[in-house]
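K.L.:
Residues per chain are reported as follows:
There are 2 protein chains.
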Amino acid sequence: MTDPFVVVGGDAAGLSAASKFLRDRADDRDVVVFERGAWVSYAHCGTPYYVKGEVESLLDMTTLSPDDVEGRGIDLRRDHEVIALHPDRDVVRVAGPDGEFDQPFSDLLVATGARAVTGGFDLSPAGAFTLHGMDDAAALRALVTPPNDPLEDGDLPDAVDRTRVERYANHPVPDSVAVVGGGYVGVEMAEAFTARGVDVHLFQRPDRLLVPFGEAAADVVADHLEAAGVHLHVGGEVTELLTADGRVSAVAHDGHPDDPSPLPVDAVLVGVGIAPAVAPVADAEVDCGGSGAIAVDRYGRTSRDRVYAAGDCAEARHVVTGEQAWVPLGLTANRAGRAVGATVAGTPTQTGGVAGTAAVKAFDAEAARSGLVDDEAARAAGFEPVSTTITAGSRSGYYPGAAETTVTLTADQGTGRLLGGSIAGTDRAAVRIDTVATALEAGMTVDELERADLAYAPPFSPVWDPVLVAAKVLAGER
Amino acid sequence: MTDPFVVVGGDAAGLSAASKFLRDRADDRDVVVFERGAWVSYAHCGTPYYVKGEVESLLDMTTLSPDDVEGRGIDLRRDHEVIALHPDRDVVRVAGPDGEFDQPFSDLLVATGARAVTGGFDLSPAGAFTLHGMDDAAALRALVTPPNDPLEDGDLPDAVDRTRVERYANHPVPDSVAVVGGGYVGVEMAEAFTARGVDVHLFQRPDRLLVPFGEAAADVVADHLEAAGVHLHVGGEVTELLTADGRVSAVAHDGHPDDPSPLPVDAVLVGVGIAPAVAPVADAEVDCGGSGAIAVDRYGRTSRDRVYAAGDCAEARHVVTGEQAWVPLGLTANRAGRAVGATVAGTPTQTGGVAGTAAVKAFDAEAARSGLVDDEAARAAGFEPVSTTITAGSRSGYYPGAAETTVTLTADQGTGRLLGGSIAGTDRAAVRIDTVATALEAGMTVDELERADLAYAPPFSPVWDPVLVAAKVLAGER
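Sequence order for the protein chains is V and G.
Each position in the first sequence, counted from 1, maps to that position plus 294 in the numbering used here.
Each position in the second sequence, counted from 1, maps to that position plus 294 in the numbering used here.
Copies of the same chain look alike in the list, so a pair counts if it works inside one copy or between any two.
Using 25 Å as the maximum straight-line C-alpha spacing, the simulated SDA-like pairs for lysine to any residue come out as follows:
| # | residue 1 | residue 2 |
| --- | --- | --- |
| 1 | K346 | L557 |
| 2 | K346 | A696 |
| 3 | K346 | W333 |
| 4 | K346 | D721 |
In short, the hints are calculated from the structure, not lab data.
Please take these sequences and the hints and turn them into a complete structure.
P.N.:
Here it is in structure tokens:
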């Protein structure tokens, strides 16, 4: 019997690959998925909205249950950690509930995802969190839920880490929290905590929030956070978590040079980023790229024969620079996994590039970005960037609901090629980034984008859509 | 002194050209704009929302007042109709309030727009309307406004045709209206009349509404119209307007073969389309295309030297077929006018192509289209079309507000090139068409579109945006 297609990791990339492989396979090979945890196929990006209470149950955020996965014919082994790869022998070493064993493979996909980095903080005291995955979300929801109304999740699934949830079951809702980091997680959790009545102090070491979104979009988001009562400490670094009786009691920080005393808080959420989870490949001579994530070619193939990588643990080709980059995002993971599944099944399929397209909500504000928004990043990639920022209406000015939409576009001075852009506003601003993302995928110049026949109808867009206004101005400035 | 740049028509294309010319001109030529009516620079597309009452004043829909236009240095002559062109002598014949005269030009732009067609109906009886321009809008608003509250427009401008408004000032709000034609105007006015408490019968001779939007989008719109109480007579033709005492009293129609009696209504709105207004060029040997609109090259030049045409009276290059086509839309007019202004000022500038991108609102429903949506149109242009229609969520399924979004995409079977698409739904469906429009401008294949890195964030889009879902399915079906 032929050895199976083995997948390490039971989330977006891994299960997309396994499912696609089974649909398309030309042989009788099985697919085995090892997942070291209890959760499979869930939506990381939804967790802030679960903590906020907009999503009722953890199970709402799972795309497939373990039964669904097995119903597809996938041999799913939860609580099985792949602890070593031996590509020379075509086996992986697995630690499961009943001990360790070698699992042979014909093809192997490493889809181990990413892990939250802690910024060097000790997160063992009560009230200290990161948010990366369902158990963090469950614990945070328990934290912000009054003791007599545990979780509001009538359906708390078996997979959840109950010890962590119970740690906060009788914990009063914090009066205040320090959010460390002003990226997606920080911004989204600032909204979630505020909605729960928690006073939020958001600390961001760089001089603006959401650095990859560019200055104009970050300013829009900052304004909305402040208007909603979030205390912003931009340019402020949390240097230490202070505890009392084993619980978070304050943060030391350099945000107020004239008042260096620690800020009392009841909890801390550290959202300073994630890192690729590459531990299983560490000793297997599978090359990693400069980003630290696993290096792959256009088909998701690593440096080792028959070993693929996809999702948050792997690099991908950036559509603007053409270089490999690490841009861990949900669509990229799903698409790359699906492509690897098709390739392993017999139809070589490219994983597609990434433009780093992303969107974030901050109360009423929406912000989105794609490509190279930062002039510095563009220069580093060998371009000579020229940028413009404009503000235009989201609808015809006379139509109810028209709102300011801020667009930044960046192009290469020499060739006119569009390099990236960001959009912020309150009225359908985020979804407009898809215009920019599509133009980047096509390699359009800003002059070509200016000529695109975008929709005009008073309830939806003004005659000159905000993206066209920006393209027109930028084309004129070149 | 050099003869001026003369523009015929004071709306989107004409004033865009005049303004751009004055900003960029390298010489001291003046620009003269002849407008045969009293209105300049107004938003045709906003008029249904004025009738509905969402737009308060007619003046809200004007982009520039006559004073603004003159403030830009444009010599604006309202109530001046250009009645003949003499390109051989470089003059136009103008009929103004003080008689006729010859106006010499150095360059000439014909931007005479379009006119509503009446479908052969006599629209002289009281209660019979088309909607094309501000005076129609003012009369219709007077019709749907109770006699004691004339127009609700505190600011009724001087330019308005007061005779027409006063005709309906004491007219009771109709109980029912027949809307003839199920295109943009028909659909938007069905919403406007309904909002005013008028019972609407919408007659559409073809077998579906909004023919250029394709079947799936039309079905979504039809469902929403019916849910809002609009009586649809699809496949039903109005054959005659019946009057009593000089006022509309009923329509004869073939919509109910088993009940051929006329349908009593208090008013009729005929919205069966528009035609290019090319009368001034009729005897001037300026070529028209097969569409009946003025033929132009990529710079808006007609068959006569130094005579340009732009806007609703002119053809434009269709980005998918590469052929000249007549697609009268607001952005096209603005862009082409601006390009001609730049060209006449000394910088040859292409007018840009059209994809026929359009969007329409019908109560809560939004529909949009771009390119060749209809397989028949695609076949006529030499393509071998393959289409798919999918329904996907507008946001992550677990996120509040997620709504069904229906996407149709059409590609060429042989090359995979994207030919067009339509989108309908209730949650930011229309603005997503810009992804399709951008892909069409870039000439992308459906496989390339499938790989675009569109935004994913639970409040805004699911992992696979509806357009990507459609592209994925269509790429798989090819």
